[in-house]
Structure formats: structure tokens, C-alpha cells
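Chemist: Quick note on our numbering: the first sequence kicks off at 1 and runs consecutively.
Honestly, the hints are just simulated from the structure, not real lab data.
Please note that the accuracy of each hint is not assured.
[As the list claims (entries may be wrong)] Using 27 Å as the maximum straight-line C-alpha spacing, the simulated DSSO-like pairs for lysine-lysine come out as follows:
#1 K48 - K73
#2 K48 - K139
#3 K44 - K139
#4 K195 - K90
#5 K87 - K48
#6 K73 - K54
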Amino acid sequence: MKPNRLLNLYHLLLEHFGPRHWWPADSSFEMIVGAILTQNTAWKNVEKAIHNLKQLAPITIDNLAALPEATFKEAIRPAGYYNQKTKRLKNLIAILNEEYQGGLESLFDLSTEILRQRLLNISGIGPETADSIILYAAKRPVFVIDAYTVRSLSRHELLPEDCTYDQAQEWIMDQLPQDVALFNEFHALFVALGKEYCRPQPKCDGCPLEHFT
DNA sequence: GACCAGGCACATC
DNA sequence: GATGTGCATGGT
């Protein structure tokens, strides 16, 4: 594949869907909360959970830390897996308070590589959540892979269906300029493509990449 | 009623 | 290292 073919695909998607304006959040910390809440969950349900939290108090580390567990669970209930996600968020907040002076500054001061390692070591944060945080909150050029990305690319025979997260990430990042704005928009466009045209069933119908070669 | 959603941890082989 | 399972609500 020529270096610019993937960029062509990007422009095709951008033209079709327009800018996605990701990530929708009022702060870096709110973005991180959303990243954990949206694990294997429709964003629509996450919006309800975020809304519920905002009714209780502005979404800050201190405010969430102060919320009783039962109250917290009830608020994020619409996002599903609420027991697990409560545990994950409370754990993350505890780590920020105990090891990072209760903020994101010292964490985000780390080099991209160290930052990624630290995030992956936190229980409840896997590769996609870690990379989402690095790209959309810390604003470093790391490409976020998700089920839509792999499904879209494999359906167009650009990647094998069973390729791993790291393989897909390396394949994409090797072909693109390491640019935060580009990675931001491109990932969001893959999600838009996947939602509308690349669902498990029925397969591609009217897909904007139908004639992509 | 089945299937899916902007995953991850953990058990078992 | 690969494969399977639990987690849970809400929309189509």
C-alpha cells in the first residue's frame, strides 16, 4: 500500500461525514470518565450517565471522590456494568490522589511511552482506553484502535480480520504523519463509518468506501 | 426476543 | 499464548 492511500481514505471519510468534533467533554478528567464509561457501551447511554453525574456536582476528581459509592453507582447505571465501572473509576481516582497529587498534570508530563505504560498498569484501563486518554486528553499522536476500525479495514481487505490491537495500530501509524488532529479526526470517522455502514449485520450497504481501491 | 454497543479482567487449558 | 466467560443497561 502506498503511503498516501490511507490518507485518501481519510479524506473520503471526512468529505462524507464532516468533522466529528471529538472528544465531547468539558475537561480532560471528564473525557477520561467518559472513556471508561463507554467501554463496550453505546455512547448514548454514557451521555445519560454523565448527565446524572453533573446533576450531582461538576465532574472533578475531588467531587467524584467525595460521592458515596451507592450514589455513584446509581448515577452511572444507564451506562451498564455499573459495579465494574464504579470500581474502575474509584480506583483510578485513588491512584491520581495517591500518586499524582490529585491531578492530571504530573501524569500528562510523562513521555508518551511511559504514560501509556502507567495507564495500562491501572486496572480497568486497557489499550483502547489508554490510547483514547493519550490522544484525546493528553493530546499526543497515538492512533486509537477499536472494533469498528478493524472491522472496516478488514472488510475492505486492508487488514486481516483477526489482527491484534497492536498490529492494527502499527499498520496505521506507519502510514500516516504523526499528527494529533489527524489521528483525532480519523478515529472518530472510523466510528462514524462503523456505526452507519459497517455493522456486524447487515454488512456494508451504501458504504462510502464501496468503490475505494 | 435476539443482537449489538466507542472493552477489560480473570479463569482455565 | 490462545480461548472462554462475566459484567448490565438501553436501542434497534
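Chemist: If you test the structure against every hint from before, which numbers come out violated?
Modeler: The structure conflicts with hint 4 only, although it agrees with all the remaining ones.
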